[in-house]
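Residue numbers (full-length UniProt numbering), protein chains in the order written: chain A, 1 to 225; chain B, 1 to 224.
I should point out that these hints are in silico values taken from the structure, not numbers from a laboratory. Please note: incorrect hints may appear among the correct ones.
Label pairs and their in silico Cβ distance ranges [said to hold, decoys possible]: (1) D109(A) / A73(B): 16 to 26 Å; (2) R51(A) / G189(B): 55 to 65 Å; (3) D16(A) / L7(B): 23 to 33 Å; (4) R51(A) / G110(B): 35 to 45 Å.
Chain B residues, not near chain A, derived (Cβ > 12 Å throughout) [claimed, not checked]: (5) E26; (6) A77; (7) D162; (8) D165; (9) Q197; (10) E208; (11) I209; (12) A213.
Footprint (simulated), chain A over chain B, 3 or more residues, beta carbon under 8 Å [unchecked claim]: (13) 14-22; (14) 216-224.
A quick note: this is a predicted structure, and the numbers were derived from the prediction, not measured. C-beta atoms are modelled at their ideal positions from N, C-alpha and C, and glycine is treated no differently.
Read off the chains here:
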Amino acid sequence: MHLDHSHHGPAAVSADAHRPDGTRRALRIGLGGPVGSGKTATVAALCRQLRDELSLAVVTNDIYTREDAEFLLREAVLPPERITAVETGACPHTAIRDDISANLEAVEDLEETVGPLDLILVESGGDNLTATFSKGLVDAQIFVIDVAGGDDIPRKGGPGVTTADLLIVNKTDLAPYVGSDLARMAADAKAQRAELPVILQSLRGDSGVTEVAAWVRERLTAWTS
Amino acid sequence: MTHAALLVLADGRFPAGGHAHSGGAEAAVKAGRISCAADLEDFCRGRLHTAGLVAGALAAAAALGLDPRELDAAADARTPSPALRLAARRLGRQLLRAARASWPCPELDGIARSFPKGAHQPVVLGLAARAAGLGPAEAAYCALYESVSGPATATVRLLSLDPFDATGVLARLAPELDAVARTAVDAAGRAAAEGLQALPAASGPLLEIMAEAHASWPARLFAS
Numbered sequence: 001m002h003l004d005h006s007h008h009g010p011a012a013v014s015a016d017a018h019r020p021d022g023t024r025r026a027l028r029i030g031l032g033g034p035v036g037s038g039k040t041a042t043v044a045a046l047c048r049q050l051r052d053e054l055s056l057a058v059v060t061n062d063i064y065t066r067e068d069a070e071f072l073l074r075e076a077v078l079p080p081e082r083i084t085a086v087e088t089g090a091c092p093h094t095a096i097r098d099d100i101s102a103n104l105e106a107v108e109d110l111e112e113t114v115g116p117l118d119l120i121l122v123e124s125g126g127d128n129l130t131a132t133f134s135k136g137l138v139d140a141q142i143f144v145i146d147v148a149g150g151d152d153i154p155r156k157g158g159p160g161v162t163t164a165d166l167l168i169v170n171k172t173d174l175a176p177y178v179g180s181d182l183a184r185m186a187a188d189a190k191a192q193r194a195e196l197p198v199i200l201q202s203l204r205g206d207s208g209v210t211e212v213a214a215w216v217r218e219r220l221t222a223w224t225s
Numbered sequence: 001m002t003h004a005a006l007l008v009l010a011d012g013r014f015p016a017g018g019h020a021h022s023g024g025a026e027a028a029v030k031a032g033r034i035s036c037a038a039d040l041e042d043f044c045r046g047r048l049h050t051a052g053l054v055a056g057a058l059a060a061a062a063a064l065g066l067d068p069r070e071l072d073a074a075a076d077a078r079t080p081s082p083a084l085r086l087a088a089r090r091l092g093r094q095l096l097r098a099a100r101a102s103w104p105c106p107e108l109d110g111i112a113r114s115f116p117k118g119a120h121q122p123v124v125l126g127l128a129a130r131a132a133g134l135g136p137a138e139a140a141y142c143a144l145y146e147s148v149s150g151p152a153t154a155t156v157r158l159l160s161l162d163p164f165d166a167t168g169v170l171a172r173l174a175p176e177l178d179a180v181a182r183t184a185v186d187a188a189g190r191a192a193a194e195g196l197q198a199l200p201a202a203s204g205p206l207l208e209i210m211a212e213a214h215a216s217w218p219a220r221l222f223a224s
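The following block holds chain A by itself, in its conformation from the complex:
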């Protein structure tokens, strides 16, 4: 790292992979995607699945309320001190990409108050298909779309669908009811993303978030090794 923490106090830039004391900080994974695609439900399911084996926390970026943070609190997926809501000034993509300062403050405060943490999930407010996370804020990002939003979304591509480290096609149980062709969505996603992984999931199904949780564990293993 370019900053010598022993002389300069807290790091200026939080993309630094180490804490001020030199240990490796928590892995940060961003979850973005359109409104209603199931980002918060996926975060809740991940928390339930991972909370017994990992020390984790969540940052939500609600657009105009604290609904997402309150949903997670109500569902009691984590103790309240492990969930922080960031206010985004009507522009969620700005807060996760162009000016990440409030989010960086939130992840640092979580590390300080409830850390050391293994994993911090940063959930974006529902936004458009071009919204992606800054590499200064997260180490990996998941883009969540759903079958009811139209089965042409993978074909249309865009930065979220094309470049996210993991693409989740959510609510597969709804496909027959909304006339979405899952095979076509999977093939289009594959064509857009080459080797980058795609997971089709239904949180109401038996396996739920298991596959995504396994992907998160892999990332964590790579991060800490």
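We have chain A already, so just place chain B on it with the hints.
For chain B alone, coordinates are given in the frame of chain A:
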């Protein structure tokens, strides 16, 4: 001194967290006090001569090298609303991060150690200007321009106000901003010679009261 550094520091895209704050405009819009460009101009003029003047003088004083701890206490004393004090410290912390990345120097590192939860934003702004090689006048200009450009940008989002009208408001306020900047810099100079009581203590009571109400809203677009 490089004048171009002022453009970097004053750029609305400088990543220091300001985009999430409306400078009181969201509360004023909801109360019906801002509903058109003319209202926005009145609101910004009021802010310029009260909160803006205080911020400008604090920034200029910090850029002159006055003690940041004392300036931070002076800012506290001039900010009755706890919600606004909290917002100012958050923004100060965020600005400090951006400033340290942009103009790394031991003085800014020291501020990060002394104020882990942030110092008042105008004080940090003055220190950032100093680190960028700018003087008290530039620091004051930056603080004053932010005091009106924040509400103008927010109002474009809140009211779908024509962005050309909002920019016109800022342009029309420019000569007044020049005058307030001179007052702020003069006050900072006097504060250096006579003590911090020479800093202005102008206040917009409605801004403070509305900020308290705004902080308790269950649904809002802006953090302050």
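We went through each hint and held it up to the structure:
Between D109(A) and A73(B) the C-beta distance comes to about 24 Å, which sits within the given range of 16 to 26 Å. A C-beta distance of roughly 57 Å is found between R51(A) and G189(B), which places it inside the suggested range of 55 to 65 Å. Checked against the hint of 23 to 33 Å, the C-beta distance between D16(A) and L7(B) comes to roughly 28 Å, which is consistent with it. The given range of 35 to 45 Å is respected by R51(A) and G110(B), whose C-beta atoms sit roughly 39 Å from each other.
Not every CB of chain A is more than 12 Å from the CB of E26(B) (nearest about 9 Å), against its label as outside the interface. Non-interface call for A77(B) relative to chain A: holds, since the shortest CB-CB distance, roughly 25 Å, exceeds 12 Å. Every beta carbon of chain A lies more than 12 Å from that of D162(B), the smallest distance being close to 17 Å; the non-interface claim holds. The claim that D165(B) lies off the interface holds: its Cβ sits roughly 18 Å from the closest Cβ of chain A, which is beyond the 12 Å cut-off.
No Cβ of chain A comes within 12 Å of the Cβ of Q197(B); the nearest lies about 32 Å off, and the non-interface call holds. With a least beta-carbon separation of about 20 Å from chain A, E208(B) lies farther than 12 Å from that chain, consistent with its non-interface assignment. At the 12 Å boundary, the C-beta of I209(B) stays outside the reach of chain A, the nearest C-beta of that chain being 20 Å off. Separation of A213(B) from chain A is adequate, the least Cβ-Cβ distance of about 16 Å exceeding the 12 Å criterion.
Remark: the stretch 14-22 of chain B is confirmed as covered by chain A, as 8 of its residues place a Cβ nearer than 8 Å to a Cβ of that chain, reaching the required three. Only residues whose beta carbon comes within less than 8 Å of a beta carbon in chain A count, and the stretch 216-224 of chain B has 6; three or more means the coverage holds.
Of the hints listed earlier, the one the structure fails to meet is number 5.
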